[in-house]
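Using the sequences and the accompanying hints, generate a full structural model.
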Amino acid sequence: MTKTMKQPKSRLKQATGWDMLIFILLTLLTLIIFLPFYNAVVISLETNRAYALNPVSLYPVEFTLRNYEHLISKGQIGIGYKNTVFITFMGTALSMFSMLAMSYAFSRRHYPGKKLFFVMMLFTMFFSGGMIPTYLQFKNLGMINTTWAIVLYSGISAYNVIILKNGFEQTPAELEEAAKIDGANDLVIFLRIELPLQGALIATFTLFTAVGYWNEWFWSTLLINSGSKMPLQVVLKAIVAESAALEDVSTGEAGADAFAQGIKMAAVMLTMVPIMCLYPFLQKYFVKGVLVGSVKM
Amino acid sequence: MCRKVGENVRARMNRLGRNIWQARYIYLLLIPGLLYFIIFHYVPMNGVVLSFKKFNARLGIWGSQFVGWANFERIFRTPDALNAIRNTFEINLSRLVFQFPAAIILALLLNEMRGTRFKRIYQTVYTFPHFLSWVVVSSILSNFLASDGLINSVLVRMGGSRINFLADTALFRPLLYLTHNWKEMGWDSIIYMATITSIDPTLYEAATVDGAGRLQQVFHVTLPGILSTIVILFILQVGRIMNAGFEQIFYMQNAAVKKVSDVLDTYIYTITFKATPNYGFSAAVGLFKSVINLVMLVIANFTVKKASGSGLFV
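The listed protein sequences derive, respectively, from chains A and B.
Numbering follows my numbering, in which position 281 of the first sequence is assigned residue number 281; successive positions increment by one, without gaps.
Numbering follows my numbering, in which position 73 of the second sequence is assigned residue number 370; successive positions increment by one, without gaps.
Just so you know, the hints here were simulated from the structure itself, not pulled from any lab data.
Calculated pairs, DSS-like style, for lysine-lysine (alpha carbon to alpha carbon, straight line, at most 27 Å):
(1) B:Lys351 x A:Lys139
(2) A:Lys180 x A:Lys165
(3) A:Lys115 x A:Lys165
(4) B:Lys571 x B:Lys556
(5) A:Lys165 x A:Lys284
(6) A:Lys180 x A:Lys114
(7) B:Lys603 x A:Lys115
(8) A:Lys165 x B:Lys603
(9) A:Lys165 x B:Lys602
(10) A:Lys115 x B:Lys602
(11) A:Lys284 x B:Lys416
(12) A:Lys114 x A:Lys165
(13) A:Lys180 x A:Lys115
(14) B:Lys555 x B:Lys571
(15) A:Lys139 x B:Lys571
(16) A:Lys114 x B:Lys602
Beyond 10 Å from chain B on every Cβ pair, some chain A residues (computed):
(17) Ala50
(18) Pro60
(19) Thr64
(20) Ile79
As the structure is a prediction and not an experimental result, all values here were calculated from the model.
A virtual CB, placed ideally from N, CA and C, is assigned to each residue, including glycine.
This is the structure:
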């Protein structure tokens with residue numbers, strides 16, 4: 001990117017009109033993206049009374065943490081956190097290992113069945129049994145209402161395996177041959193030689209897989225129905241949809257500081273925080289992630 | 298003669314056996330992934346026979362009564378299903394018009410922007426929403442657009458009247474494209490930004506020498522430089538025409554806008570998880586979608602292969 005920044009030097013002298021226009025447009029866009037977040041933060045830190053008087057304020061007029069306290073005291077969000085952390089860690093570890101092992105195997109020289117297995121995997125990108133047959137399969141496996149269903153199902157993708165395979169194919173063949181002569185088997189080569197060489201690619205995919213698990217919602221809603229197993233996103237959805245149930249927070253204790261909208265936004269904030277913490281790292285691998293991931297189906 | 302053939306076969310079997318034995322650790326590494334694809338993709342694929350059956354939970358998928366094409370015929374007799382099919386196509390075609398160019402325009406603007414520090418801060422803001430789930434994004438945006446939200450409060454202060462953004466059939470679809478852009482355009486623009494970086498700087502110098510202004514440089518150097526990326530991403534997007542962005546629509550949908558917002562995915566979801574589901578019919582709608590999807594993907598892959606010399610998947 002540095003190249004484009006340096007290259008239009010000859011253009012630096014003229015045309016301030018265009019520059020102003022572009023700057024204004026992009027600043028507006030930044031505000032449009034930033035404001036809804038900011039508004040949510042303000043509301044989550046506001047008291048009911050102040051919000052009722054003035055819903056449009058640039059800062060919390062009566063700063064309070066009561067919305068967060070109320071939310072946490074209800075316990076749901078804690079359970080959601082626990083489940084999602086479990087799903088994210090287990091899921092990322094298992095699917096990264098499976099995908100790396102599989103892509104390494106596909107990157108090796110010819111062996112019986114390689115092509116068949118590869119085509120088999122490829123076909124899943126083009127055709128799926130659909131929502132109902134997959135749901136019934138979970139039912140048959142007795143995995144309805146288990147967090148393991150989410151852990152095992154949502155992390156692996158044929159597309160990622162192909163990208164990782166391309167990464168493995170780029171390591172020089174001599175390395176492997178040298179190790180072979182020293183008596184190393186494929187397992188040792190994979191773990192000791194190939195994996196350490198793929199650091200950047202592994203970091204990229206681990207981050208994006210982890211974010212995927214953190215944000216997973218669809219199959220969690222379909223498969224998990226008991227409150228104690230719900231992941232964070234499902235809990236958040238329930239809290240946001242539960243507006244009627246939350247309304248009595250404010251009417252119950254007259255003038256109480258917590259209120260429905262404030263609690264909802266507090267829940268949104270708590271769901272977002274880990275992603276915000278991860279964001280600087282994600283940003284580091286952006287371009288790589290985009291270049292390899294943009295054609296994801 | 299016979300013995301010779303026998304020996305040949307035996308020799309080949311031996312060689313095959315040896316090859317398999319040599320690759321034993323490779324197979325070991327393949328096992329977790331293959332098991333995953335078999336259990337969660339191939340076994341459910343058998344479930345498509347469900348679309349030709351009248352599902353009976355007691356008899357299971359295989360025991361249920363075979364009804365031929367009846368479930369598929371029913372799709373075309375069900376107004377809601379037809380509505381969902383039409384919406385899916387309409388929404389996705391509109392997405393091509395209103396969402397696809399947004400990222401390109403943003404990349405061009407960012408590329409033309411001066412001031413590295415601002416640029417970096419702005420890009421950080423633009424890309425962030427991509428990493429949030431639609432649950433989070435739709436909660437934040439509905440709060441913003443709600444009838445007592447910030448936008449409406451400002452409208453009222455300025456003497457206007459409240460607009461119920463989220464329950465207006467005329468506004469729902471534009472809102473769909475806008476919120477999608479809000480979440481994804483920053484992220485989608487990165488690939489164009491990266492492609493622009495690879496444009497030969499001497500082209501710009503030559504253009505300047507030839508007296509090309511800034512706008513002309515954009516249209517005659519930058520745009521042609523990213524054209525092949527644009528074409529490939531466009532074809533891909535067309536290949537995904539049946540996937541209308543389930544999660545986004547699911548969250549933003551409400552009873553008031555069901556007619557204009559129901560797409561195949563939300564329709565399947567609704568009919569499957571309501572009180573009296575008809576799994577056979579649901580599976581038929583799902584298969585209908587999968588098949589069109591498959592055809593579109595194969596066409597897209599083929600076209601990209603023609604255009605760029607290499608396919609997307611192999």
